[in-house]
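Visitor: Sequence:
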Amino acid sequence: MSDFTRHAESCRLAKIALRGQLLALRRSKTRDALSDAAARVQKALLDHVRRQSPTVIAAYVPIGAEPGGRDLPEALRRAAPTASVLLPVLLPDGDLDWTPYEDSSSLRPGPRGLLEPTGPRLGTSAVSNAELVVVPALAIDRRGVRMGRGGGSYDRALARVPDTAFTVALLHDGELLAEVPTEPHDRRVRAAITPAEGLSESLDWTK
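In terms of our numbering, the sequence shown opens at residue 1 and continues consecutively.
These aren't lab readings, by the way, just hints derived from the structure by calculation. One or more of the hints may lead you astray.
[What the hints assert, rightly or not] Calculated lysine to any residue pairs in the SDA-like style (CA-CA distance at most 20 Å, straight line): (1) Lys15 x Gly174; (2) Lys15 x Gly150; (3) Lys43 x Ala65; (4) Lys15 x Arg156; (5) Lys43 x Ala33; (6) Lys15 x Asp32; (7) Lys15 x Phe166; (8) Lys43 x Lys15; (9) Lys43 x Gly64; (10) Lys15 x His185; (11) Lys15 x Arg142; (12) Lys43 x Ser53; (13) Lys29 x Arg40; (14) Lys15 x Arg187; (15) Lys29 x Gly69; (16) Lys29 x Pro184; (17) Lys15 x Pro181; (18) Lys43 x Asp173; (19) Lys43 x Phe166; (20) Lys43 x Arg77; (21) Lys43 x Thr82; (22) Lys15 x Arg188; (23) Lys43 x Pro54; (24) Lys43 x Glu197; (25) Lys43 x Ile63; (26) Lys43 x Ser200; (27) Lys15 x Arg149; (28) Lys43 x Arg31; (29) Lys15 x Asp155; (30) Lys29 x Arg149; (31) Lys29 x Arg19; (32) Lys15 x Gly198; (33) Lys29 x Ala14; (34) Lys29 x Gly64; (35) Lys15 x Ser200; (36) Lys43 x Gly198; (37) Lys29 x Ile63; (38) Lys15 x Pro184; (39) Lys29 x Gly148; (40) Lys43 x Asp32.
When you get a sec, could you build the whole thing from the sequences and use the hints?
Guide: Laid out in structure tokens, this is it:
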């Protein structure tokens, strides 16, 4: 076995272990704690939206214990009434198509427990038009490296996002880490939001 293969396998196993720990911590949170975290994270994000006034926002509908609140798309629309809010649709191959958000009644259950928009699909490249891209994550490290649930959907989507876009992940406290296991396909984001710290932009993305 080559050193590269050993490193790749070690990284894969480390990710599996870390995902398990983080998901267990999320499952242990009380309903009140989740509600408080959602409100704090959402406020920090909406404050940024009002300051920057993006015209196209790519976001998602948080589910389960994900921070941000299930009403996040509606809150973004209220904060930026002239902006187009795009939501993802999970494709059979794991990639993400994008559809404009209309209102809460336009959402339907999708695969893996997701809530997805029912409007016209704009294609996988539509995310490249977004000035603000809000992504889910289980952890972000101080280099901006994002760790998701392992499907690779957002790594593909983020690869289409220009460097000029502001990419931000929504996290719980304790999920902004010094370092996460990194593979070549892992994409970075420019910022993270946690309930306690709010928006953290001054991370060392360059290393």
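Visitor: Taking the hints in turn, state whether each one holds.
Guide: Status of each hint after checking the structure:
Restraint check: the Cα-Cα separation between lysine 15 and glycine 174 comes to about 16 Å, which is no more than 20 Å; the hinted pair holds. Restraint check for lysine 15 and glycine 150: the C-alpha separation of about 9 Å stays at or below 20 Å, so the hint holds. Between lysine 43 and alanine 65 the alpha-carbon distance is near 17 Å, which keeps this suggested pair within the 20 Å criterion. Among the hinted pairs, lysine 15 with arginine 156 is consistent with the structure: their alpha-carbon atoms are about 18 Å apart, no more than 20 Å.
Only pairs whose Cα atoms come within 20 Å are accepted, and lysine 43 paired with alanine 33 is accepted, the gap being roughly 15 Å. At most 20 Å may separate the alpha-carbon atoms for a hinted pair to count; lysine 15 and aspartate 32 exceed this at roughly 29 Å. For the suggested pair lysine 15 and phenylalanine 166, the alpha carbons sit about 26 Å apart, so the restraint of at most 20 Å is broken. For the given pair, lysine 43 sits about 30 Å from lysine 15 by alpha-carbon distance, which is inconsistent with the 20 Å threshold.
Distance check on the hinted pair: lysine 43 and glycine 64 sit about 19 Å apart at the alpha-carbon level, within 20 Å; holds. Taking the CA atoms of lysine 15 and histidine 185, the gap is near 13 Å; set against the 20 Å cutoff, the hint holds. The suggested pairing of lysine 15 with arginine 142 holds, with an alpha-carbon distance near 16 Å, which does not exceed 20 Å. Between lysine 43 and serine 53 the CA atoms are separated by roughly 15 Å; this keeps the pair inside 20 Å, and the hint holds.
Restraint check for lysine 29 and arginine 40: satisfied, since their Cα atoms lie roughly 15 Å apart, inside the 20 Å limit. A distance of roughly 15 Å separates the Cα atoms of lysine 15 and arginine 187; the hinted pair therefore holds under the 20 Å criterion. Using a Cα cut-off of 20 Å, the hinted pair lysine 29 and glycine 69 holds, with the two alpha carbons roughly 14 Å apart. For a cut-off of 20 Å, the pair hint linking lysine 29 to proline 184 is broken: about 32 Å separates their Cα positions.
For the given pair, lysine 15 sits about 6 Å from proline 181 by alpha-carbon distance, which is consistent with the 20 Å threshold. The hinted pair formed by lysine 43 and aspartate 173 meets the criterion: a straight-line CA distance of about 15 Å does not exceed 20 Å. Taken as a hint, the lysine 43 and phenylalanine 166 pair is honoured in the structure, with Cα atoms around 17 Å apart against an allowance of 20 Å. For the hint pairing lysine 43 with arginine 77, the CA-to-CA distance comes to about 13 Å; that is within 20 Å, so the pair holds.
In summary, the hint linking lysine 43 to threonine 82 is supported, as the alpha carbons are separated by about 19 Å, within the 20 Å threshold. A threshold of 20 Å between alpha carbons decides the hint, and for lysine 15 with arginine 188 the separation of about 16 Å falls inside it, so the pair holds. Among the hinted pairs, lysine 43 with proline 54 is consistent with the structure: their alpha-carbon atoms are about 16 Å apart, no more than 20 Å. Simply put, lysine 43 and glutamate 197 have alpha-carbon atoms about 12 Å apart, close enough for the 20 Å limit, and the pair holds.
Distance restraint check for lysine 43 and isoleucine 63: the Cα-Cα separation of roughly 18 Å lies within the 20 Å cut-off, and the hinted pair is therefore satisfied. The hinted pair formed by lysine 43 and serine 200 meets the criterion: a straight-line CA distance of about 14 Å does not exceed 20 Å. As the CA atoms of lysine 15 and arginine 149 are separated by approximately 9 Å, the hinted pair is consistent with the 20 Å bound. Only pairs whose Cα atoms come within 20 Å are accepted, and lysine 43 paired with arginine 31 is accepted, the gap being roughly 18 Å.
A C-alpha spacing of about 15 Å is found between lysine 15 and aspartate 155, which places the hinted pair at or below 20 Å, so the restraint holds. For the given pair, lysine 29 sits about 18 Å from arginine 149 by alpha-carbon distance, which is consistent with the 20 Å threshold. Taken as a hint, the lysine 29 and arginine 19 pair is honoured in the structure, with Cα atoms around 16 Å apart against an allowance of 20 Å. The straight-line distance between the Cα atoms of lysine 15 and glycine 198 is roughly 25 Å, outside the 20 Å bound, and the hint therefore fails.
A C-alpha spacing of about 23 Å is found between lysine 29 and alanine 14, which places the hinted pair above 20 Å, so the restraint is violated. With a C-alpha separation of about 11 Å, the suggested pair lysine 29 and glycine 64 falls inside the 20 Å cut-off, and the hint holds. This hinted pair does not check out: lysine 15 and serine 200 have alpha carbons roughly 23 Å apart, beyond 20 Å. At roughly 9 Å between alpha-carbon atoms, lysine 43 and glycine 198 fall within 20 Å of each other, so this suggested pair holds.
Among the hinted pairs, lysine 29 with isoleucine 63 is consistent with the structure: their alpha-carbon atoms are about 14 Å apart, no more than 20 Å. This hinted pair checks out: lysine 15 and proline 184 have alpha carbons roughly 13 Å apart, not beyond 20 Å. Between lysine 29 and glycine 148, the direct Cα distance comes to roughly 19 Å. Compliance with the 20 Å bound is thereby established for this hinted pair. A C-alpha spacing of about 17 Å is found between lysine 43 and aspartate 32, which places the hinted pair at or below 20 Å, so the restraint holds.
Checked against the numbered hints above, the structure violates hints 6, 7, 8, 16, 32, 33 and 35; every other hint is satisfied.
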